[in-house]
Each structure stands twice: as C-alpha cells, then as structure tokens.
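> Go ahead and model the full structure; you've got the sequences and the hints to work with.
Top line first, the protein sequences correspond to chains A and B. In terms of my numbering, the first sequence opens at residue 182 and continues consecutively. In terms of my numbering, the second sequence opens at residue -10 and continues consecutively.
All clues stand as given, with none of them false.
Selected chain B positions facing chain A (Cβ under 10 Å, derived; list incomplete):
| # | residue |
| --- | --- |
| 1 | -5 |
| 2 | 0 |
| 3 | 2 |
| 4 | 7 |
| 5 | 271 |
| 6 | 273 |
| 7 | 274 |
| 8 | 277 |
| 9 | 305 |
| 10 | 417 |
| 11 | 418 |
| 12 | 419 |
| 13 | 439 |
Partner residues aside, some chain B positions facing chain A, computed with beta carbon under 8 Å:
| # | residue |
| --- | --- |
| 14 | -4 |
| 15 | 1 |
| 16 | 5 |
| 17 | 265 |
| 18 | 266 |
| 19 | 270 |
| 20 | 323 |
Derived from the structure by calculation, the hints contain no laboratory data. All residues carry an ideal CB built from backbone N, CA and C; glycine is no exception.
Okay, here's what each chain looks like letter by letter:
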Amino acid sequence: MSRQLAHVDRVGIEERAAQLGARSIKTTAKQQGIRIAVSLLDLTTLEGADTAGKVRQLCAKAVCPAPSMPEIPSVAAICVYPSMVAVAREALAGTGVATASVATGFPAGQISLDAKLRDTEDAVAAGAQEIDMVISREAFLAGDDARVMREVARIKEACGDTHLKVILETAELGSYDHVRHASMLAMEAGADFIKTSTGKASAGATPGVCLVMLEAIRDFVERTGRMVGFKAAGGVSTSKAALHRLVLVKETLGDDWLTSDRFRIGASSVLNDLLMQYAKTQGGRYGRGEDFSIE
Amino acid sequence: MTIEQRRSIVWDYAPAPEATDHLRLRDRYGLFIGGTFVEPAQARYEPTINPATEQPVAEIAWAGPADVQRAIEAARAAQPRWAGLPARERGKYLFRIARLIQERARELAVCETLDGGKPLRESRDVDIPLAAAHFFHYAGWADKLRYGVVAREVAPLGVVGQIVPWNFPLLMAAWKLAPALACGNTAILKPAETTPLTALLLAEICQEAELPDGVVGILPGDGAVGATLVRSPGLDKVAFTGSTGVGRDIQTALAGRDVELTLELGGKSANIVFEDAAIDQAVEGIVNGIFFNQGHVCCAGSRLLIQESVIDQVIDKLWTRMGRLRIGDPLDKNTDVGAINSAEQLQRIETLVAAGEEEGAVRRSVACELPERGYWFAPTLFTDVSPAHRIAVEEIFGPVVSVLSFRTQAEAIEKANNSRYGLAAGIWTDKGAKAFEVAGALRAGVVWQNTYNHFDPTAAFGGYKESGFGREGGPAGLRPYLRVVR
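Dropping the structure here:
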C-alpha cells in the first residue's frame, strides 16, 4: 500500500515554535522551570572514550547535581552505551535515577534485525531500565513502513517491561511530513517514548521538530488513549533552549506532561548551564564556569 | 504517579510586564501644526484612556474648525518647497524618520499598548517594526516614482487629508504618511479619538528628523474633526481607513468636488480551510486570523469556512487551542489577547454576540479570568452559523469567529464571495494548484495562502466592493498620491 502522509506546513510550524520561544520566563517561573528541566534530564555520555570512571562521575552528578543547592532535584536517568550499563546500575543503586542504554546498532542502526535484538537483550540483561533504540532510516526512506514498524514491535517485545524510547533521527528524515509520519509509525508499533535524535546527526531537537512530534503525540493519545512520552535530544545545550522545550510541551500537551514519565531532555552540557542560571536567580549575578563541577 | 499528583503540577509563567519607566510622555499634548505643538483655538483637551485599566494616560488637545483651517494653510504653504526638493533629499527625510522609529521602538511599543490595549508582543513585534519598514520602503521610492507607476512624468497631488483608525495607530499613520510624503505631498493626519498618542510621538520624531515645517500636521480629535477636515476647502486628496459607514459619508461629502479619494473600509473576510490542509497550522492561522489584536483588524478572518469532512476535527483542535490563549495585562510579554479598545467597541461586540445567540448560533467563549477594570471580551467561537445570521454578515471587529461549512471547492468560492465586503481571504490547502485556482476566483484584495494577517510594505493592500478602493503598500500604493502628467 502506498504511503499516506499527513501534511505539516514548514513555515507555519516553525513560526509557531519560534513564537513559543519568545515566552518570557522570569523570576519564580524561571527557578521552577529550571528545577523541572533538571528533573527531566537524561544525562548522557555516548563516546567511544567512555570508561567506568567517567560513567561513575556522571552518576554522582546525576544523583546530586549541585550539593550547594539542595533544592535541585536528581536527574531522571543516565544514558550510556550497553557496555556501561552495569557500571551505571551499580553506581545508581537505590538512588531513584534510572539507567538507560542505547541499543540496536546506535546511532546508524545499519545492522541486521537479529543483531539489533541481541544488542537490546544484552543491554536489558545488564540491567538497563530504559532502552533508546533507533528506527531504520534506511527502511523508512525506502518507503518500507511495515519494516520500520515490525522492527520497533520486535524490539519492544525484547524489552519486556523495560521502557522503550524510539529515536527517529529527524535530521535524516528530510521533511516535517516525514517526522510526523515516523512518529505515528513508532507509536503505533508500541513505543513508550518517541525521541528526536541520536545527538550524532547534523541537527537535533530543533523547535520545529519538537512541535511536530508533540502534535503527533497529542493526536495519537487523543485517538487511542495510550500515553506516549517525548524525548528531546540533540542540540539542547542552554537553559534557554531547555525552557523553550518546556514551553513547547506545556502549550501543546499541558502542564501535566512536565514529568519524567512523559517528557525527557537528553543532554549533557546543559546541566551546568541550568545550574549556573539557577544560581543567578538566587544571587542575582552569573557565576563562573569553575563554580560547577565538570565530569 | 497518581492522577492527583499529576494535576498538582502547574508551571505558570510569572508576570513579565514590560517596564514603562523609559517612556517619557508629557501630561498634555497640543496640536501639531506647522512643525510645532500649538494650543487649539478653543482650548479643548480630552484625556486618552488606557483601556486595560480605564486610567487616563495623557491629555490631548482636540482640533476645532479654525485649527483645521490653520493646518491646511500650513500644509499648503509648505507643499511647493517640499515637492521642489530633489527627490533623493525627500527620501533622506523618510529614511531618517524610519531610523528614529527604530531607535524609539521600545518606547513606541509601550505607548501603543498603553493607549490602545493591544498585547506588547504585537506592538513590539508587529506594529512598530512594520511602521519603520513602511517608511524605509517609501523612502526608497522617493526618487523612482515614475517607475513605480510607469509614466514619463508624475506630480504630487498637493495637500492630503488622512484619517486613520484606532486598531493599528502608528502603523496606519505610517501607511498613510510614508507614500504621501515620498510623492511630494504634504499631509494632515487625524489619528483616532481613542489612540492619538503614538501619532503625537511621531510628530516629535518629525521634529527630530528636522522635517520642514508644515509637511506633516497632526490633528487629534473625534469624528467631528475628521468630518470637518474632509469638508474643508484646500485639500487635494482624502485617504481614509475606518468603517464602511463613515467611508460612505466621506464619499458623499466629496461628490462633485475636485478631491481625490481612497477608502480602506471594513471586512468580513473568509478564511477557507480545505480538507487537504495542514490542519494544525491551519488552526494556528485561524487563531492568528481572528484573535490577533483582539480581532480589531479590518482584514480579520472572521468568517471561517471549513470543509465539512474535517469540520469537527478542526473545531475540536481550535477550541483546545483557544483554551491556551493567555488573556490579560497587555503589557505582560506573555499576553496573547489584550483589552478591547474602548467601552463603545466592547458594547458593539456584545450586541452582535447577543444577536448571534438569539438567531440560534451556538456560542462558546473561553472560560478565563478577566480583569475587573478595563474592557475585556473572552475569545469566542460560534458554530451552527447560517450564512444569513448577522454574525456571518456584519463586521464584529472583536475576538469572535463564526464557523460555516462547505462541501466543495466551488461552494467555498461562492460562499466566500457572498459578502458585501471583499478585503481579504485565507486559503488553507497543501495543493498548490488548488490554492492558485481559488485565489484567482476570490473577490478579495488580499489572499493569503497557508498563512494569515501577514503584512509587508512591498505588498498592495486594499479592498473590493464595500471594503473600499485604492491600494496601500508597494508601488501600487504610490498611485493614489500621484498625478500622471504624461
């Protein structure tokens, strides 16, 4: 069957997304927004150079991002490669911070379905509580929607109770129509979350992409009643960008989506900027980069 | 997480009011005649009110017949020298005005919001930048006039009288003054009764720009001042933007006189949503079409025509979206919908909305807390509207949209054109060929495709039928201010 695309107008969606970026978030709204943003973070390290030491340091930061500001909550999760899952699980035991693992041949996903399943099973066996898989862009761009969905469904099966986030890698999809379509395929196939990007492509969670996916979620939830979460990942590196994503979620899905079981922000460097901005709302001046630990 | 816990999550934007301490308003403003502020002949001063608080902002001199005469004489005296300047020099003055508007943009935006009730987001991002853009645009035309109208020789008309409405006070003043001055005319502008302030700040800007005395005169006052102005001898042209009723009166008054006229009047513009549209963006466009500036927009998309196959879906989404509009303090940077401009306008909206309910249309108004003081009207949606209902025919000029359905493209065109007005229209479809076909068949001066209420100084704006005649903006906007000599 030929593919039916729902239309998304590029100019319109980007205008609306930019308009929401102009919301003025000041004083108490800024403080509260920053605390919420921290609580939604998937603090991420996905490098070839990752070691147990680096991951342990990041875990400490995840649990207690700023010892001098106890009102800052822990982040939602740590996101690592499968090989680091066991280390993270151990470091995070009893803290409430979850361990997420990328899988399925992240980031390109150019391996067989069997290999993707093995990758997933390994991560789950190592203790991952959340799996971030990538869709096959190869199948999607070739028009094979059935294969895209089948893969998501099979990985979902392999996950069992483990929470599944499906990465669309929107920068490789080529249009907002495709982003919306891929969002729908992933949700139909059983995704618990849909996620914008791997963080390894040329662009990530741009405001326009976020808004298209949030509108897709809104329509899917309305139609099916099944809750699906959203993860913005890639390019969210400043407090302003993080708060902009919060505004997008708030004004598209509502305040009750601002919780870590429905909304995540995948990033690493943004955490220190959030802390620095938070400290500024307290002290009235910007701190130095050296005031915040680098892991 | 329990439902109760989830409901308890509220992240509200803290108040973010724009500061007003940088605004240097005088307590009193005189009339601007011959390059200076002067006392009116009969000392009449009226307060101008902030519609969001009902507090006076400043005292404004109202012109009387003697003042009108004086202003016309000053403009008449200044005109030959202004027209005789090298065209590029005239252009330089306009460039200077444009730059001064940009320099004082923040102040002008706050003033526009205080005086008229529109959200700061709009005065800051739309009104003031566009006003500057109009001056820039026509500054560039000043030495190219004959190419703009395609003639070998052109001449200015002389002295023009211009009357502008209260919905976009500074922007409408810019739409009127910039082309008139670029063409070598001198002008007398009458700002609206409820929103004279930014025009008076523009008078200060004319002084700062060292515009020759008498080239621009500004005469605040009510409709009576406008009526006196258009009936005064010594004008070569009248340009009016406002209601169709007043436009008709002006046209009658000028009949048989050697005075040129352009009118930009009311509208009941059709915003047409086809089933193949990008629905979410269409919903945004509907919101922008009717709730922009509280619906105080002559080209507002107040007649929403939706294809029957998607009407329920569009209305559901629109209603949800309307619930997220932020209504309140116009100075707050997060406000989407501000105050109604005046008590009089609020009453007109209430009357028409009551008529809509009486005639059997189904009314839904957003449930929101409205401030106690000031003039407010909650965004409102009417469904089950018949084409004969008053709310489908008459201009409401408020945040009220009437929804009608259609089945086919032909029916959409027929219904859209079935209006005494013809100012603007919107078309929402993802099919390019259909968009052009429908646009060509609509009797409306502006047709927006997959957007609404977008303005640009290079684009001609104006109406068909009872929406007026003459065009403003772009090269077409030069023609009403020029005589073709040969």
